[in-house]
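When you get a sec, could you build the whole thing from the sequences and use the hints?
2 protein chains.
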Amino acid sequence: MNNEQIVFNKVPDGMPQDDTFKYEDIDVIEPSENELQLKTLYISVDPYMRGRMTNADSYVDPFKQGEPFNGHTVSKVLKSKDSNFDEGDIVVGMLPWRKINTVNSEYVNKVPTSDVPLHLYLSVLGMPGQTAYHGLLDIGQPKEGETVVISAASGAVGSVVGQIAKLKGCRVVGIAGGDKKVNYLKNELRFDAGIDYKKDNFPEALKEAVPNGIDVYFENVGGYIGDEVFKHLNTHARIPVCGAISSYNHPEKDIGPRIQQTLIKNQAMMRGFIVAEFADGFKEASKQLAQWVQENKIKTQVSVEDGFDKVPQAFRNLLTGDNFGKQVIKVASE
Amino acid sequence: MNNEQIVFNKVPDGMPQDDTFKYEDIDVIEPSENELQLKTLYISVDPYMRGRMTNADSYVDPFKQGEPFNGHTVSKVLKSKDSNFDEGDIVVGMLPWRKINTVNSEYVNKVPTSDVPLHLYLSVLGMPGQTAYHGLLDIGQPKEGETVVISAASGAVGSVVGQIAKLKGCRVVGIAGGDKKVNYLKNELRFDAGIDYKKDNFPEALKEAVPNGIDVYFENVGGYIGDEVFKHLNTHARIPVCGAISSYNHPEKDIGPRIQQTLIKNQAMMRGFIVAEFADGFKEASKQLAQWVQENKIKTQVSVEDGFDKVPQAFRNLLTGDNFGKQVIKVASE
Numbered sequence: 001m002n003n004e005q006i007v008f009n010k011v012p013d014g015m016p017q018d019d020t021f022k023y024e025d026i027d028v029i030e031p032s033e034n035e036l037q038l039k040t041l042y043i044s045v046d047p048y049m050r051g052r053m054t055n056a057d058s059y060v061d062p063f064k065q066g067e068p069f070n071g072h073t074v075s076k077v078l079k080s081k082d083s084n085f086d087e088g089d090i091v092v093g094m095l096p097w098r099k100i101n102t103v104n105s106e107y108v109n110k111v112p113t114s115d116v117p118l119h120l121y122l123s124v125l126g127m128p129g130q131t132a133y134h135g136l137l138d139i140g141q142p143k144e145g146e147t148v149v150i151s152a153a154s155g156a157v158g159s160v161v162g163q164i165a166k167l168k169g170c171r172v173v174g175i176a177g178g179d180k181k182v183n184y185l186k187n188e189l190r191f192d193a194g195i196d197y198k199k200d201n202f203p204e205a206l207k208e209a210v211p212n213g214i215d216v217y218f219e220n221v222g223g224y225i226g227d228e229v230f231k232h233l234n235t236h237a238r239i240p241v242c243g244a245i246s247s248y249n250h251p252e253k254d255i256g257p258r259i260q261q262t263l264i265k266n267q268a269m270m271r272g273f274i275v276a277e278f279a280d281g282f283k284e285a286s287k288q289l290a291q292w293v294q295e296n297k298i299k300t301q302v303s304v305e306d307g308f309d310k311v312p313q314a315f316r317n318l319l320t321g322d323n324f325g326k327q328v329i330k331v332a333s334e
Numbered sequence: 001m002n003n004e005q006i007v008f009n010k011v012p013d014g015m016p017q018d019d020t021f022k023y024e025d026i027d028v029i030e031p032s033e034n035e036l037q038l039k040t041l042y043i044s045v046d047p048y049m050r051g052r053m054t055n056a057d058s059y060v061d062p063f064k065q066g067e068p069f070n071g072h073t074v075s076k077v078l079k080s081k082d083s084n085f086d087e088g089d090i091v092v093g094m095l096p097w098r099k100i101n102t103v104n105s106e107y108v109n110k111v112p113t114s115d116v117p118l119h120l121y122l123s124v125l126g127m128p129g130q131t132a133y134h135g136l137l138d139i140g141q142p143k144e145g146e147t148v149v150i151s152a153a154s155g156a157v158g159s160v161v162g163q164i165a166k167l168k169g170c171r172v173v174g175i176a177g178g179d180k181k182v183n184y185l186k187n188e189l190r191f192d193a194g195i196d197y198k199k200d201n202f203p204e205a206l207k208e209a210v211p212n213g214i215d216v217y218f219e220n221v222g223g224y225i226g227d228e229v230f231k232h233l234n235t236h237a238r239i240p241v242c243g244a245i246s247s248y249n250h251p252e253k254d255i256g257p258r259i260q261q262t263l264i265k266n267q268a269m270m271r272g273f274i275v276a277e278f279a280d281g282f283k284e285a286s287k288q289l290a291q292w293v294q295e296n297k298i299k300t301q302v303s304v305e306d307g308f309d310k311v312p313q314a315f316r317n318l319l320t321g322d323n324f325g326k327q328v329i330k331v332a333s334e
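Line by line, the protein sequences are chains A and U. Residue numbers 1 to 334, in UniProt numbering, belong to the letters of the first sequence in order. Residue numbers 1 to 334, in UniProt numbering, belong to the letters of the second sequence in order.
Treat the hints loosely; a few may be bogus.
Same chains, same label: a pair holds when it works inside one copy or across any pair of copies.
[Unchecked claim] 30 Å max Cα-Cα, derived DSS-like pairs, lysine-lysine:
| hint | residue 1 | residue 2 |
| --- | --- | --- |
| 1 | K253 | K198 |
| 2 | K265 | K81 |
| 3 | K299 | K199 |
| 4 | K64 | K231 |
| 5 | K231 | K265 |
| 6 | K64 | K330 |
| 7 | K253 | K99 |
| 8 | K265 | K143 |
| 9 | K99 | K81 |
| 10 | K283 | K265 |
| 11 | K265 | K10 |
| 12 | K253 | K207 |
| 13 | K253 | K199 |
| 14 | K253 | K231 |
| 15 | K207 | K64 |
| 16 | K265 | K166 |
| 17 | K110 | K199 |
| 18 | K265 | K253 |
| 19 | K22 | K265 |
| 20 | K287 | K110 |
| 21 | K283 | K168 |
| 22 | K265 | K168 |
| 23 | K10 | K231 |
| 24 | K64 | K265 |
| 25 | K265 | K287 |
| 26 | K198 | K265 |
| 27 | K10 | K283 |
| 28 | K330 | K180 |
The hints are simulated quantities; they were obtained by calculation from the structure and are not laboratory data. Bear in mind the structure is a predicted one, so any value in this text is a computation, not a measurement.
Structure (structure tokens):
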């Protein structure tokens, strides 16, 4: 059986290049006691991974040069040396980017049902869904009738944030890049407005879309998009800060208006977070999100790239916004 | 009897100039039913007033051109047409900058005791004390053993913040400009460290002063001082944002590193506030602050300028940092 892994080869300067990633042929390992041999079905690429491709201090451990990247995956059990797992079980876990992983069973969890598209466990039923749920509800605390604005609104996190906000009775305004994404927000997800940040009239369009100001801004991108949004905050606005993807490749150039006077003027609150903070609430959120998906109250958009060799390009597409919806790589069929 | 007022004459461009202020001779008004005639003893000048000298939207109503400035004052009742007030009573209130005010009694409150220096009702026993108390305790929520950093630390608000933080068992680091203020922080207020932001080694000195990082940053100044502090935040740091005095004269030039990535990295919270939000807690805080002052647990430094004609210069000293401690103007003796 053929096995392969993708190793963190070189710290990128700006956008990750082909030499950031190195493919290596490796052996397939037989499982020992309590271990599982797993076939990777889907690999998730997520914006936060750019922050791990560095030597700098970050909120997650940086990837180690010379070792494989890792991230959330959906896998199928090929061989089990743990009586709690059977051959054919579908599991999720934070695993190395390999075609075949052999790991202690404590690193993975069985999915509650394989009766849904399995890549959903990497989006709404996985980490991005949890991020959206807790960032919006625990930090943003939207109330019925309030206005919620979301950047990167068609993405894996943003699309779920907006749909939950709609379920809570809010006016929802999504910011995304390009007609296709903006139309999706308005026509498919039924947001109240979709704004294209790539258009010259972005500031005016945003202003028109928030006639009652902004109560919650779910921040995914930072940069000048955030700067514009901050101009329309209401008193006691809440800003869950989930990401700043516009600046990941060039953090040293992330210069703009300082936020202090805006926060004072609006008595506003800004809170950076990572999903791991909310581990105590994962179970409850999973149940609620699964129910909403089942009832078709939350829709998802997925970009599937086919093949283990597509990982670098899929990751770059994420940083440039060339993907659409949750970006996953299909590594193998069930 | 001679009366005079100071009118908002012209919106300043940058630092307020002499023509921002206009002195006018006016009549003394006899009080009608429920009114008091008051002799102004002390006038407070505070940094937030710069934000009111504008045509722009702010968190407090802008001063109106052609009308007198107003702010917190300590006054003595000359004549009373309200049975709850007697001639000679000392009152505080937000009043026009006049030597003699005639106002409805609902605009003022009697001081609990005139057995303390009366200007304390404009500092620790007044609005700056409330600002310090609620900003630190309600938003900053310092815990014993944590590190609290304060900018403009020798000022009316900052000095109280730091002393409360010491009472709560925190390591307290104050940032101020010049040896005199820094020595005051260390020797008089017993802060654990005082840092001079005007010295070239400010970044290094700050870093050395916070070996365990920063848990609470009480922000009064913004600008590059804030930028440096943000480099040392701990996970779950809290940042009550009270002011950004470094940028009040040139808000359009308030450009620096955006904060989003820093907040995510540290899962930190930043919250702008104004003291009026905490009105429900004023009574409790007043009692506690008065007790601490009485027990000599909170000391205060006051800069008194003598004479109604000194108001413009005193206000400018505040913006440049040329004052030391709470800036008040003594308008008349009791």
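Evaluated hints:
1. K253 / K198: both (19 Å within a copy, 26 Å between copies)
2. K265 / K81: neither (60 Å within a copy, 38 Å between copies)
3. K299 / K199: Within one copy only: 26 Å inside, 56 Å across.
4. K64 / K231: Intra 40 Å, inter 24 Å, cutoff 30 Å: inter-copy only.
5. K231 / K265: both (11 Å within a copy, 24 Å between copies)
6. K64 / K330: within (24 Å within a copy, 65 Å between copies)
7. K253 / K99: This pair counts as neither: shortest intra-copy Cα distance 37 Å, inter-copy 52 Å.
8. K265 / K143: both (21 Å within a copy, 28 Å between copies)
9. K99 / K81: For K99 and K81, the Cα distance is within 30 Å only inside one copy (19 Å; across copies 88 Å).
10. K283 / K265: Answer is between; shortest inter-copy Cα gap is 25 Å, intra-copy 38 Å.
11. K265 / K10: Answer is between; shortest inter-copy Cα gap is 22 Å, intra-copy 44 Å.
12. K253 / K207: Classified as both; 26 Å inside a copy, 23 Å across copies.
13. K253 / K199: both (22 Å within a copy, 26 Å between copies)
14. K253 / K231: both (21 Å within a copy, 16 Å between copies)
15. K207 / K64: Only across copies: K207 and K64 sit 28 Å apart there, 44 Å inside one copy, limit 30 Å.
16. K265 / K166: both (28 Å within a copy, 29 Å between copies)
17. K110 / K199: neither (44 Å within a copy, 59 Å between copies)
18. K265 / K253: both (26 Å within a copy, 17 Å between copies)
19. K22 / K265: So K22 and K265 pass the 30 Å test across copies only (28 Å; inside, 49 Å).
20. K287 / K110: For K287 and K110, only the intra-copy Cα distance (15 Å) is at most 30 Å; the inter-copy one is 58 Å.
21. K283 / K168: within (20 Å within a copy, 37 Å between copies)
22. K265 / K168: both (27 Å within a copy, 29 Å between copies)
23. K10 / K231: between (39 Å within a copy, 26 Å between copies)
24. K64 / K265: Between copies, since 19 Å is at most 30 Å while 43 Å is not.
25. K265 / K287: Between copies, since 28 Å is at most 30 Å while 39 Å is not.
26. K198 / K265: This pair counts as both: shortest intra-copy Cα distance 28 Å, inter-copy 28 Å.
27. K10 / K283: The answer is neither: 37 Å in one copy and 60 Å across copies each exceed 30 Å.
28. K330 / K180: Within one copy, since 23 Å is at most 30 Å while 66 Å is not.
Of the numbered hints stated above, those contradicted by the structure are hints 2, 7, 17 and 27, listed in ascending order.
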